[in-house]
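Undergrad: Read off the chains here:
2 protein chains.
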Amino acid sequence: MNRSTNTSEVQQATLYYLGPQGTFTQEAAVQGQTIISEAIGIECELKAVERAKTIVDCVEQGHGWGVLAWENNVEGTVVPNMDALVDARKVAGFCKLSLDIVFDAFVRPDHAELTEIRAHAHGLAQCSGFIHKHQLRPVAASSNAAACRDLAINQVGLGPSICGPLYGLDTLQEAVQDFQAAHTDFLLLAQRDQVKELVQKCASRIRSENRLPAFESVIAFIPLQTGAGVLANLLDRVRDAGLNMTSFMSRPIKGHDGTYSFIMTVDAAPWEAELKRLIVDVIDRGVWVKTLAVFPRTPRANPPVDQWMLPVGGMTDTGHGTDDNFSGRARKELLW
Amino acid sequence: MNRSTNTSEVQQATLYYLGPQGTFTQEAAVQGQTIISEAIGIECELKAVERAKTIVDCVEQGHGWGVLAWENNVEGTVVPNMDALVDARKVAGFCKLSLDIVFDAFVRPDHAELTEIRAHAHGLAQCSGFIHKHQLRPVAASSNAAACRDLAINQVGLGPSICGPLYGLDTLQEAVQDFQAAHTDFLLLAQRDQVKELVQKCASRIRSENRLPAFESVIAFIPLQTGAGVLANLLDRVRDAGLNMTSFMSRPIKGHDGTYSFIMTVDAAPWEAELKRLIVDVIDRGVWVKTLAVFPRTPRANPPVDQWMLPVGGMTDTGHGTDDNFSGRARKELLW
Chain X
1 MNRSTNTSEV QQATLYYLGP QGTFTQEAAV QGQTIISEAI GIECELKAVE
51 RAKTIVDCVE QGHGWGVLAW ENNVEGTVVP NMDALVDARK VAGFCKLSLD
101 IVFDAFVRPD HAELTEIRAH AHGLAQCSGF IHKHQLRPVA ASSNAAACRD
151 LAINQVGLGP SICGPLYGLD TLQEAVQDFQ AAHTDFLLLA QRDQVKELVQ
201 KCASRIRSEN RLPAFESVIA FIPLQTGAGV LANLLDRVRD AGLNMTSFMS
251 RPIKGHDGTY SFIMTVDAAP WEAELKRLIV DVIDRGVWVK TLAVFPRTPR
301 ANPPVDQWML PVGGMTDTGH GTDDNFSGRA RKELLW
Chain E
1 MNRSTNTSEV QQATLYYLGP QGTFTQEAAV QGQTIISEAI GIECELKAVE
51 RAKTIVDCVE QGHGWGVLAW ENNVEGTVVP NMDALVDARK VAGFCKLSLD
101 IVFDAFVRPD HAELTEIRAH AHGLAQCSGF IHKHQLRPVA ASSNAAACRD
151 LAINQVGLGP SICGPLYGLD TLQEAVQDFQ AAHTDFLLLA QRDQVKELVQ
201 KCASRIRSEN RLPAFESVIA FIPLQTGAGV LANLLDRVRD AGLNMTSFMS
251 RPIKGHDGTY SFIMTVDAAP WEAELKRLIV DVIDRGVWVK TLAVFPRTPR
301 ANPPVDQWML PVGGMTDTGH GTDDNFSGRA RKELLW
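Residue numbers (UniProt numbering), protein chains in the order written: chain X, 1 to 336; chain E, 1 to 336.
Check the hints yourself; a few may be wrong.
One copy or two, it doesn't matter: identical chains are merged, so the pair holds either way.
[What the hints assert, rightly or not] Within a straight-line C-alpha distance of at most 20 Å, the following computed EDC-like cross-link-like pairs (lysine to aspartate or glutamate) qualify:
1) K201 - D57
2) K133 - E50
3) K276 - D317
4) K276 - E113
5) K254 - D100
6) K133 - E116
7) K254 - D306
8) K276 - D236
9) K53 - D317
10) K196 - E274
11) K133 - E60
12) K133 - E113
13) K254 - E43
14) K90 - E197
15) K276 - D240
16) K53 - D178
17) K201 - E113
18) K47 - E60
19) K254 - D87
20) K53 - D83
21) K254 - D178
22) K254 - D185
23) K276 - D257
24) K201 - E274
25) K133 - D317
Read the hints as simulated data drawn from the structure, not as lab findings. All values reported here derive from a predicted model rather than from experimental measurement.
Could you put the whole structure together from the sequences, leaning on the hints where they help?
TA: Here is the structure:
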């Protein structure tokens, strides 16, 4: 009896995302809905909220799960969302999903001559080539979704493909963004005491698709001592544990300029021996530690860095013993 | 004769900033104008351009100097601007300036009943408490400056204080932002071959104000080998050189997911012995290096990290040998 009550409660689960309807975050939420259905066996309904902070609060209060933008490969980490997870009492991420950022251009079926283009300021900035080519006057909106919803007959709207069916618009042209390889990673959030079980369920789903089962974790460290070498000592322990790190950043502790936390993404789960040993070791040395997320590791490129990938300028080893112009180039590239 | 021609050319120097007029970047540009006048003895005129990339291009082509948003203590590093400096051929930063982000609320002198509030979407988000308190309907604009310029009689506009005199508006209330300690750091940009001289002139100005003369540098590193420990080995050399690092982040090389550059801020100038030795050492080991900026070190807080500054939750050393609940807390905070 108890059990069936629990099940029926869980079946009414809600997945909170940053609204309004028709945003990229809704596209991510739809992806999250599928993962939760396939890996966990629960159908959840989507609910749009107005602020990212509200998503964390709803999960914290046990109202459901959440989907939160984490990192864009052009704009970088979504820092306020990362801060929100550092500050959350009992919420962590259990799955990472990746969304290609593709803008389509829409018009109303009854459109007149097109003279304006409407989108969020970021959307306008990311499609500047298209706007310039068609000589349209940019009009800023509070979101791409709102732009498409409130489109006038002389306007082109920019937004994710779901805006077409959602607002009854015709697609004028697909994929009109300037940069073709932009993507945003999102985290699915749950209460901390559910995370380990959820991660393992998500990992089984990946395993059954014949991919490598393994985990990644995002961990926050705050050394209570400051000074030269604190970070090097911390990373020595990561290296000596043989752990591969794929992302790292320092971040001022909010409201305390001059103090730092370090946020690291590492190829292991916190319950695996190497990472567990590392964490105990640094805690013993007076470092504050909190795990922000654990998720199944997704396949990724790991190309060698070739000369053609390097930015222009800069310097690397060219056998400078015999390089007559070493000091001239050093003056320019290194500002000696 | 030649000399006076040069001087008169230089006196027509331009400082490029991201427009339109009335943005926070213009406030920063005005600060930059003062520094350039006092430290370098040159009066430059301000010129607003539409895109950050254009600022770098104008400096690159020798048309003048630039001011570029670098980091906000709430939003983090302005990643596209950092990427633009990594990719620039012959532009680097020579001075860092810091601007408090303060939003004032403006109305037209002939205003009617106030029912709406108008600003850039970020401005609306950063003043949500004020908007909520006064029950105003938010209206998004392409920039805070445009919002204030085009204000209707039933609207409150949000923007930096310069918007008042600039657009003939009355100040309804000062400092209406939610977070009172937000600030944005900007870099002044010049051609690389001028940077060392300009930094030293800016440092003399600081020295004459009786502050500690010293430098900071922002340096990009790309290890050509990847794998566990590459970063730890790099940071060991920074520690062993006794250099204090104040900011660090990894960043995918643009368009090459899975490859990384590392951007470090360190308390030294590249022409000082310790940093110079470090750079030669890592170049010899096959690391690509480029200096992005050098600037006089400004005074900053360096408080110890106390318990009350730590985020909620997490774990640190509590003599867990005798802590009965260590494993329970570890399960929750570390996701063991």
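Undergrad: How do K254 and D306 come out at 20 Å by Cα distance, when the copy is not named: within, between, both, or neither?
TA: Intra 38 Å, inter 13 Å, cutoff 20 Å: inter-copy only.
Undergrad: As a check of your reading, is K133 near E50 (CA-CA no more than 20 Å) within one copy, between copies, both or neither?
TA: between (34 Å within a copy, 17 Å between copies)
Undergrad: Give the relationship of K201 and E274 under a CA distance limit of 20 Å: within one copy only, between copies only, both, or neither.
TA: neither (22 Å within a copy, 51 Å between copies)
Undergrad: I want to check one pair: K133 and E113. Are their C-alpha atoms no more than 20 Å apart within a copy, between two copies, both, or neither?
TA: within (16 Å within a copy, 42 Å between copies)
Undergrad: Please sort K133 with D317 into within, between, both or neither, judging by C-alpha distance up to 20 Å.
TA: So K133 and D317 fail the 20 Å test inside a copy (43 Å) and across (60 Å) alike.
Undergrad: For K254 vs D178, is the C-alpha pair at or below 20 Å within one copy, between two copies, both, or neither?
TA: Close across copies (14 Å), not inside one copy (34 Å); limit 20 Å.
Undergrad: Have a look at K254 and D100 and pick one of within, between, both or neither, based on CA distance no larger than 20 Å.
TA: between (31 Å within a copy, 15 Å between copies)
Undergrad: Which holds for K201 with D57 at a C-alpha limit of 20 Å: within a copy, between copies, both or neither?
TA: This pair counts as neither: shortest intra-copy Cα distance 24 Å, inter-copy 50 Å.
Undergrad: Check K254 against D185 for me: Cα-Cα at most 20 Å, and say if that holds within a copy, between copies, both or neither.
TA: For K254 and D185, only the inter-copy Cα distance (16 Å) is at most 20 Å; the intra-copy one is 23 Å.
Undergrad: Tell me, please, which holds for K53 and D317 at an alpha-carbon limit of 20 Å: within, between, both or neither?
TA: Neither: 47 Å inside a chain and 30 Å across chains, both beyond 20 Å.
Undergrad: How do K53 and D178 come out at 20 Å by Cα distance, when the copy is not named: within, between, both, or neither?
TA: between (30 Å within a copy, 14 Å between copies)
Undergrad: First find the shortest C-alpha distance between K90 and E197 inside one copy, then the shortest across copies, and answer within, between, both or neither for a cut-off of 20 Å.
TA: Only inside one copy: K90 and E197 sit 15 Å apart there, 52 Å across copies, limit 20 Å.
Consistency note: the structure conflicts with the earlier hints numbered 1, 4, 9, 11, 13, 17, 23, 24, 25.
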